[in-house]
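S.K.: Respectively, the protein sequence lines represent chains E and F.
Counting in my numbering, the first sequence runs from 1 upward without gaps.
Counting in my numbering, the second sequence runs from 1 upward without gaps.
If you are wondering where the hints come from, they were derived from the structure by calculation, not from laboratory data.
Among the hints, a few may not be true.
No copy is singled out in the list; a pair is fine if it fits within one copy or between any two copies.
Unchecked claim - Okay, derived cross-link-like pairs now, DSS-like style, lysine-lysine, Cα gap no bigger than 30 Å in a straight line:
| # | residue 1 | residue 2 |
| --- | --- | --- |
| 1 | K84 | K301 |
| 2 | K250 | K140 |
| 3 | K250 | K148 |
| 4 | K401 | K328 |
| 5 | K419 | K316 |
Remember, predicted model here, so these are calculated numbers, not experimental data.
Below, each chain spelled out in residue letters.
2 protein chains.
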Amino acid sequence: MPISANNTNRKSWIEVPADSDFPIQNIPFGVFITKDDVITIGTRIGDCAIDMGALQQLNYFEGIELTDDMFMQDTLNDFISDGKKTWRLVRNRLAELFDETNPKLRDNKEHREIVIFDVKDIEMQLPVLIGDYTDFYTSKEHAINIGKIINNPEKALPLNWFHMPVGYHGRSSSIIPSGIPVHRPMVQSLPNGETTPVFGPSRMVDFELETAFITTDANIMGENIPINEAEDYIFGMVLMNDWSARDIQKWESLSFGPFLAKNFATSISAWIVTMDALEPFRIKGPNQDPAPFPYLLLKGKHNFDINLEVSIQTEKAINTIVSKTNFKYIYWSMIQQLTHHTSNGCRVNSGDLMGSGTISGPTPDSFGSMLELTWGGKTPILLNDGTERKFISDGDTVIIKGFCKNNGARIGFGEVSTKLLPPFLRK
Amino acid sequence: MPISANNTNRKSWIEVPADSDFPIQNIPFGVFITKDDVITIGTRIGDCAIDMGALQQLNYFEGIELTDDMFMQDTLNDFISDGKKTWRLVRNRLAELFDETNPKLRDNKEHREIVIFDVKDIEMQLPVLIGDYTDFYTSKEHAINIGKIINNPEKALPLNWFHMPVGYHGRSSSIIPSGIPVHRPMVQSLPNGETTPVFGPSRMVDFELETAFITTDANIMGENIPINEAEDYIFGMVLMNDWSARDIQKWESLSFGPFLAKNFATSISAWIVTMDALEPFRIKGPNQDPAPFPYLLLKGKHNFDINLEVSIQTEKAINTIVSKTNFKYIYWSMIQQLTHHTSNGCRVNSGDLMGSGTISGPTPDSFGSMLELTWGGKTPILLNDGTERKFISDGDTVIIKGFCKNNGARIGFGEVSTKLLPPFLRK
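Can you make the complete structure from the sequences, with help from the hints?
M.R.: Written out as structure tokens, the structure is:
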């Protein structure tokens, strides 16, 4: 089925600001609460949020096989379960409906007022009920940096790293949408040179610049997904800030991987950009040497050229871009991640979230965490308001943005923006 | 509120076999499908499963504030969300209803036929929708054994182990009820002495003898649970077999903790035994030295005297008990586990599952995994059918049982029984 929604010549009758992340070629999916306090599934064009529940009630999806309340739900899980064919039909229909040449909704003022909201008047929610959340560790540059900063520089990458996309389970309950503030966590840690740990507010709260993909129902327990089918099970992508407390992370690394170091919060951008929308931005991934096992062997273009950027906004409302990097640097593609994840028969469901791990580029201004940017806190960053940062301070807002651009076309993710608050005080 | 359901003098008009795990003093909660293909919440007395959805429709919970469809659901999450007071009211009511002196249901043949099923005629389901699953590592004997077998014997326990209940996130989608078979996973591993990994069926599939507790909604994100309140958020316990593939577990331990080594399957017993029912079996835990941080400091009896036993049944249907141990050996109590888990503000919801980690006792016949029982595969176990095992073979069924007993009273969990099948073959 052609992805007619990707037609770059199409314009919408909704005005789209120059350099918007959300031209009519994007058509991402999300969940929001309208100003009338109704929760609905929707999409976005320019600065307009579009109520797809209302569109469905007004029969604008006629001819597409959908359950009656498909878009009048508070998560996208059921829609995602319906599979790629349905995603494409719905996205194509939305593109046609908002095409500047289509009068159907454009010229129906009554319907427009029911369906279209200013994004300033809605409140974005988590787009999916996340059954399970996995975080991978797929950026070679990041893994090498961490190895050098934390461990023995000569053993920067563990022996298994080049043979499989290394990952670990995260906590679904920790995932929040952009805009929800996060409290500095109370943590155990072992001060340098000491043998007795301390307990108190983390002194090393950090962001991690990541992307994540959202899956559909992929398999039954016991069954693996072959690499040539894995792509069909990936619905779309979001930006992610995997908040990390580096002091307890080091302390926890003495036994298993990150636990309380990560599960106090992970923030994601609220609009899921579909893989269909990202199709024009495919790019070849890094050369994989040694060659992966046959079950992970992949040819062709399976990375994506997505510009990523992190800024810190202080309480003085002054913004500083601290990192610019690109998703294309990840060593293990999303397809390889998903294939490996199910290679042992692990069950993957609609709405599961899989993070890339911190994405760092090759140069020091492209590192994806404060830990790397300040090289373990040794070289603070100077912000535009004249203050310095080794890690994130109370009151700082960390903003991650991401967008693709080529031949004048731009598809973006919006942002994931999260303010760090002081430790929670129990009443 | 008194726990009248625990009255040891009470007898039921339902016949209870001698040494049953389910006398009228137990009243566990579960979810099952009846022979009429109806899914319901229920309880069990002796060998009878009791349909609580039907009981509610027939008004037997009159006077207890419950939503209309509380027990006509396919998970216990909403009931658990209602909190300890409701759990206790419902359990007390069930005890009264099935008391041999109460004629109300006993003498109503029509109602009895609607409400009571032979356990052979029902199919147990997962009792809760598990939002998040955490596995702790709380048995000192187990941790020391693993340290000796896997790592440097001189560093058997990581430095952080005595300061906090070490844990890691598991995968909710991997959790299945007793009775569902498990396929031997395909895994990467690094053969001893080699530098290049191989991929194929795991050669070291193992069980882990564990218990797990199920929580209710405990906090909002950012908020911690003080140790003196944590007990209120624990609904009950199940037995758990945390299936493990030791070859990939070793390979994965070079980076983060267990991932594919564990997420192919974790089996739990289907009836949740409430903390109220376990109340008479409280016992003091091991002495904690060094003293825990104040936020984890606990006085009184917070462990439980629960006998645990693992047997392997081969395809010849011959059974061999391979381990007998006790829950009382865990070093960090469930209360300390939950308190630590939320100490950084991590959100805990109704239906979350938290495992104890493998429970090993002090003697070699009380170890909770084949890895320990055969000391890394060095000393195979002789089974009663004359065959030997280093790990679990295809066709073996691993059965974990657990029960409490004192002063003639017995409260049990039933069992978690899981057959290991050969690797899944894709059609």
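S.K.: Each hint needs a verdict: does it hold in this structure or not?
M.R.: Results of checking the hints against the structure:
no., hint, verdict
1, K84 - K301, "within (20 Å within a copy, 55 Å between copies)"
2, K250 - K140, "both (20 Å within a copy, 22 Å between copies)"
3, K250 - K148, "both (14 Å within a copy, 23 Å between copies)"
4, K401 - K328, "within (15 Å within a copy, 51 Å between copies)"
5, K419 - K316, "within (13 Å within a copy, 62 Å between copies)"
Violation of the numbered hints given earlier is absent; every hint is satisfied by the structure.
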